[in-house]
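Undergrad: Here are the chains, one letter per residue:
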Amino acid sequence: MTSSTPTAPSPSPAAAAAAPASTPASNTSSSSKPSKQQQSSSQSQKPKPANKSKDSASAASAGGAAAAAPADGATAQLTPAELKKRAKAEKAARRARERAERESGAAGGPGGAGSSAGGGAGGGGAGSSAAGKKDGGSAAGSAGGGGSRQLPRRGSAQNASQTGGGSTKHKKTDDKNVAVFGHLYGQQRRTTVAGAGKEVHPAVLALGLQMRDYVVCGSSARCVATLLAFKRVIEAYTTPLGTSLPRHLTTYLSHQITYLSTCRPLSISQGNAIRALKLAISSIDPSTPEAEAKAFLGEFIDSFIREKITVADQVIASSAAQKIQDGDVIVTFAGSSIVKQTLLLAHKQGKKFRVSIIDSRPLFEGKSLARALANAGLDVQYSLIHGISHAIKAASKVFLGAHAMTSNGRLYSRVGTALVAMSAKERAGGVEVPVIVCCETVKFTDRVALDSIVVNEIADADELITAEPMQQLTGLPDPVAAATASAADAKKGGGSKSAAAAAANAAAESNTLTQNVSSPLTGWKESANLQLLNIMYDVTPAEYVDMVVTEMGSLPPSAVPIVHRMSTNM
Amino acid sequence: MAAATSTSSDVAKPFDIVATYNELLRSDPDLTMPIAAIEALVLLLTHSPSSTISETLDLLEKSTAHLKQSIPNPIGLSAGTDLFQRYLITTLQRPGQLGPAGDFNAIRAHLLSNGRLFIRRAKESRDKIAAFGRGFVRDGSTVLTNGGSRVVASLLQQAAGEKGGPSAVRFRVIYVLSSAKGDVEGSSAEPEGMETVRALREKGVPVATIPESAVAYSLGKADMVIVGAEGVVENGGIVSRMGTYQIGLLAKAMGKPFYVVAESHKFVRLYPLGQYDLPIEQRVIDFKTEEDVADEAKQQEQQTQPRTPDVKSPDSHDSVDYTPPHLISALITDSGVLTPSAVSEELIKIWF
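Top line first, the protein sequences correspond to chains G and U.
FYI, the working numbering numbers position 410 of the first sequence as 410, with every residue one higher than the one before it.
Residues are numbered in the working numbering as their position in the second sequence, beginning at 1, plus a constant of 1000.
Because the hints were derived from the structure by calculation, they are not lab data.
Be a bit skeptical, because a hint or two may be false.
[What the hints assert, rightly or not] In silico BS3-like cross-links for lysine-lysine, where the CA-CA straight-line distance does not exceed 27 Å:
no.	chain 1	residue 1	chain 2	residue 2
1	U	K1252	G	K351
2	U	K1288	G	K352
3	G	K425	U	K1068
4	G	K176	G	K525
5	G	K367	G	K348
6	G	K393	G	K367
7	U	K1252	G	K348
8	U	K1252	U	K1068
9	U	K1288	U	K1123
10	G	K351	U	K1256
11	G	K425	U	K1203
Keep in mind the model is a prediction, meaning the values are calculated, not measured.
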């Protein structure tokens, strides 16, 4: 326990808040097994599990705030009074946790802070029943929605050196890096707001975690969210004495940006937006009154979002929708917001076409797209990437979203996109389907990508382990494992603090955890000769892209650098 | 400009843009579709009594739409109308005397004079292209070409003629003539391009004429392919006479360079994804059973005559295909020799 001093006061409020919460939470009949994270009831627990439960707590808070999980049967069983009680407890627990984080945030690195908060959680849950603990685990798991935030993260080097049990793990971490992508493992994603630096604005703190947990996901969404957060930062900003706004604000924003990039590497669109914002800041005359300058920047951000994203999306959607004709079968990959907008618009225009959504693990972004399109009345077929060759046979057009377009005309997008584009161009298979990319010019970059190895992003490999819960008809999944796991949980006493925090989500996706435990890959870090790779993006060669629809018109991929030059010079 | 004077003489009659356009095309064989469209629009503005900018733009938009609707294949035409509209808007937005604040009559006069200037320049561009393209026709080479493109004709003639450069190039031409003979009504008319063939032969250039079916056979003897275009689309592909695509495919398969000659006013804001993505209705592939044929024959007997040529003509003569950019080696335009990917750059420059 490295940072024991700030930890001391934290458990008591957390425990007080969490204890009542566990009782109503136990009502939700969850078949899940407890996660490993609720291991120790004492504060002197091992740092690693502490980190984990901290992880889940932050995931729960972010997930719970942004995406309220749909209520299912279990939630419905609760009486209103119970629900109210639960909500209250949840709120109290959140407050307590936030306080704990704040206190511990000042001292120590992320590892220490994480363990302290987790310690509080563990302490709180000590007295509660096994059922409550189980729920706590599942709630924490479900909050992230489909991801696997409840799983342990690899400790960073810093983390490991700080904590007692980390040293052995550090050695293993190195083994677990896939050699070809070794250069991408550079920094671990931040798991906590602790140690973020006091100048980071709360809005940015929250956004960072949301981006890390894929609550704010997608290039445009991240760009808009960042700009809006920065708008609040600028509103709250006062120029210190002795400097001027144009000179100081840029460095002040840099702290925010650094924090964001430790949560998740910045997207190209974010980078472009930030560059534009910094340019606007530096263009302000130092003699301008502060209020005026801030108003100008607020206006600038608003108009940037409007011009580069909102209106651009409308223009793109309307021109891309023109390419959809009656009888088309549109194949799309994952869940691009602009493709969704396009398809909905075409549907609204009365065009009759089908949509085939190709999705992939672990993010399953296509699911919400499928739901949205089906709700709008479109015919939707949903399949995963391994069904691509089948799906592409019936296709007449492929619409793709983009993370970025590089200067050599290549498409940098969610991993799997290249496979879809290449399948569409598989001449030998007798298929030749036009591939259309919808992309705002704010996503253009002057970088060049030759492969998907040099520039990419590695996500937590643990995300690959969680599988979607499967409906099993033949009895409970692996009862032995379930029994042992629950026994272990009973012994240890899990973090019912996280149970309290995310109790509202407990019912939803409560099965997720089942799979974790039974997955053959759990504990892959401990087993030798096993590496997991969870890459985020891939590069589609320009030859596979027929058309890029931007707000400046439709272009061949070769025209990307020209348009990028023009849109940045303006 | 005989057409212009004839139409402007009867002011009393409401201005008919379609008739003017057709008249312009007929009266001047050298006129391309986009230029005829621009000229028709300029004439329209001379006749229109509009006195405000929005009125002018509105009128322009309406007549453009009308014109596009009444012409079976408006691709080439829309290049001209779009360009003119764009030019008008940028002129009107420009600050100064001719901007929104200025006197509208002055603006109009300026527009009209500039429109005429534009037309003159467009006609001159053909010579410019010929100058750029001459270098491609080497001594002793054989050029395969098709269709009745005036730019290709002028390029070849200039290459052959003494006045074009220091010395005339000795080259041969394989001219692909469309199978107009197969047509029932076109049998009497001579195939498109025969005029060029005669002109070239006159200049001492050996010309062989082949049917479209002999392209693959003859391509082995050719060193390059030069074709004209009706429109150059945004990705650098071309919309051209039916039969160009197959020549492109064959040239690619045989590794012969495939050059396209087109004026830059033929650049269209259009992005076809394939042959069937063109914004025109073409009835090239028309599946029929014996029953349908009988039905049609019966209908034709009953129906009045004017319908028949209208429907028939786009199929037989004016049908176009789309040649994708990867088949094109280079585009020889009046703004230089461009790769297909540079076309979008040129287009973006015009539009932004």
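Undergrad: What hints, given by number in increasing order, does this structure fail?
TA: 1, 3, 7, 8, 9, 10, 11
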